[in-house]
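What follows is each chain in one-letter form.
2 protein chains.
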Amino acid sequence: MSETYEPKSKHIPQATIKRLSTYLQVLKNLDRDKVEVVSSNPLAEACGVQGSQVRKDLAYFGEFGIRGVGYQVKSLMQSITSSLGIDHEWPMLLIGVGNLGRAMINHVSRHASAFSIKAIFDCDPFKIGDSVYGYEVLSPSEIPQCVEKMHIDIGIITSRPERAQTACDHLVHAGITAILNFAPVRLKVPDSVRVEYVDFFRNLYSLVFNLSQGGKS
Amino acid sequence: MSETYEPKSKHIPQATIKRLSTYLQVLKNLDRDKVEVVSSNPLAEACGVQGSQVRKDLAYFGEFGIRGVGYQVKSLMQSITSSLGIDHEWPMLLIGVGNLGRAMINHVSRHASAFSIKAIFDCDPFKIGDSVYGYEVLSPSEIPQCVEKMHIDIGIITSRPERAQTACDHLVHAGITAILNFAPVRLKVPDSVRVEYVDFFRNLYSLVFNLSQGGKS
Chain A
277 MSETYEPKSK HIPQATIKRL STYLQVLKNL DRDKVEVVSS NPLAEACGVQ GSQVRKDLAY
337 FGEFGIRGVG YQVKSLMQSI TSSLGIDHEW PMLLIGVGNL GRAMINHVSR HASAFSIKAI
397 FDCDPFKIGD SVYGYEVLSP SEIPQCVEKM HIDIGIITSR PERAQTACDH LVHAGITAIL
457 NFAPVRLKVP DSVRVEYVDF FRNLYSLVFN LSQGGKS
Chain B
277 MSETYEPKSK HIPQATIKRL STYLQVLKNL DRDKVEVVSS NPLAEACGVQ GSQVRKDLAY
337 FGEFGIRGVG YQVKSLMQSI TSSLGIDHEW PMLLIGVGNL GRAMINHVSR HASAFSIKAI
397 FDCDPFKIGD SVYGYEVLSP SEIPQCVEKM HIDIGIITSR PERAQTACDH LVHAGITAIL
457 NFAPVRLKVP DSVRVEYVDF FRNLYSLVFN LSQGGKS
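Those protein sequence lines, which keep their order, are chains A and B.
Residue 292 in the working numbering sits at position 16 of the first sequence, with consecutive numbering throughout.
Residue 440 in the working numbering sits at position 164 of the second sequence, with consecutive numbering throughout.
Keep in mind that the hints are not guaranteed to be accurate.
Stated by the list, open to error - When the alpha-carbon atoms are kept at most 25 Å apart in a straight line, the in silico DSS-like pairs for lysine-lysine are as follows:
| id | chain 1 | residue 1 | chain 2 | residue 2 |
| --- | --- | --- | --- | --- |
| 1 | A | Lys294 | B | Lys294 |
| 2 | A | Lys294 | A | Lys304 |
| 3 | B | Lys350 | A | Lys464 |
Unchecked claim - For each label pair, taking beta carbons as the anchor points, the in silico distance ranges come out as:
| id | chain 1 | residue 1 | chain 2 | residue 2 | range |
| --- | --- | --- | --- | --- | --- |
| 4 | A | Met426 | B | Asp406 | 36 to 44 Å |
| 5 | A | Ser417 | B | Ser385 | 28 to 36 Å |
| 6 | B | Asp445 | A | Asp309 | 15 to 23 Å |
| 7 | B | Gln290 | A | Asp445 | 29 to 37 Å |
| 8 | B | Ala335 | A | Asp363 | 39 to 47 Å |
| 9 | A | Lys332 | B | Asn382 | 37 to 45 Å |
Unchecked claim - So these bits of chain B aren't anywhere near chain A, every CB distance computed over 12 Å:
| id | residue |
| --- | --- |
| 10 | Lys350 |
| 11 | Pro401 |
| 12 | Gly405 |
Keep in mind the hints are simulated off the structure, nothing from the lab.
Backbone N, C-alpha and C fix where the C-beta goes; we use that ideal spot for every residue, glycine too.
Build out the structure end to end from the sequences listed, making use of the hints.
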């Protein structure tokens, strides 16, 4: 009973892509607990979305689930993983080795098999040459050679906000077209470069809006 | 020419609420640069969304903008701030004082005037009693008294994934109903508790999906 889930369409909406991360997290836990089949409703509940949303999102991965039975956990995981392109390693670099940078180096190495930080950089001359989790902190002037040599695809910016645009310019200059930015500023980039912003305040605003609506004085 | 922007409806969609964080960031920069009026298109461009999206989102804040002129920066900022409920301080606590916890303490104190971390906790007995950025690391057993005494509304979880559910249980037990979770696990909470998940991998997946679609081998 091993089905393959070929993605029906490459035009998967961004919102669906972002939810896949949650589905994958839950599927991995189910797989670890030796669960072989899961139906959309418990999957939805574990992910905090509606069952109809799960069914709609997973429909982008083509034929799936057996009516009244559910999705095959392992096969669905594999399909999502290969559709996302995370069935192979993505080499990354990180710029900005403060607390957040260190936390990210640690977090990525612990939890992200598909992502690997290959080199770390800082604009602060006093940090260059330091050793952090076994990496040597390099000068941003070395980014272009590093990108070329290590086939870096993604740059992570964990600099202070006032240094983030400079960090970004270094990455763009070196040919990086995918940036994950943690600094609380909007970055100016050419159209060919995609920036994803990690903004904790979005989530905090959402929480407090909810608390305010809930009648908190 | 000072208009007030009263929110038209309290039923503002979550997606809009989350985009407000970006609008606020851009509006603050404009205000700092002494820009008084901005029209929807440049605002949209700076925020990385469509002009029509900005107009739709801001319409939730009632009458606005003068046709052909634009939005008044200061007034719009104030309206968003008060609608979100971030015109006063929200006391928070944090549990999990590793790198990510430290980074968050720092980040919140630098960039979030409406949010204030009042106390920090860790489950590791070796960390309890340590001083971190002027806070004493406390034992989770002290959470209930702390929540009551300091009127804490929000709990931030920056624990390791294997400790996150225990951290969450401590918060729920103490009556916290709004949780920001950084640990890469889904948490089990009663219906009365709202959890927002900060998941960097969502953004990474979105970047690599895009790179894969762009013809990367």
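A quick look at each hint next to the structure:
| no. | hint | in the structure |
| --- | --- | --- |
| 1 | A:Lys294 to B:Lys294 | holds, 15 Å |
| 2 | A:Lys294 to A:Lys304 | holds, 16 Å |
| 3 | B:Lys350 to A:Lys464 | holds, 23 Å |
| 4 | A:Met426 to B:Asp406: 36 to 44 Å | holds, 37 Å |
| 5 | A:Ser417 to B:Ser385: 28 to 36 Å | holds, 32 Å |
| 6 | B:Asp445 to A:Asp309: 15 to 23 Å | holds, 20 Å |
| 7 | B:Gln290 to A:Asp445: 29 to 37 Å | holds, 34 Å |
| 8 | B:Ala335 to A:Asp363: 39 to 47 Å | holds, 43 Å |
| 9 | A:Lys332 to B:Asn382: 37 to 45 Å | holds, 40 Å |
| 10 | Lys350 | holds, 19 Å |
| 11 | Pro401 | holds, 21 Å |
| 12 | Gly405 | holds, 21 Å |
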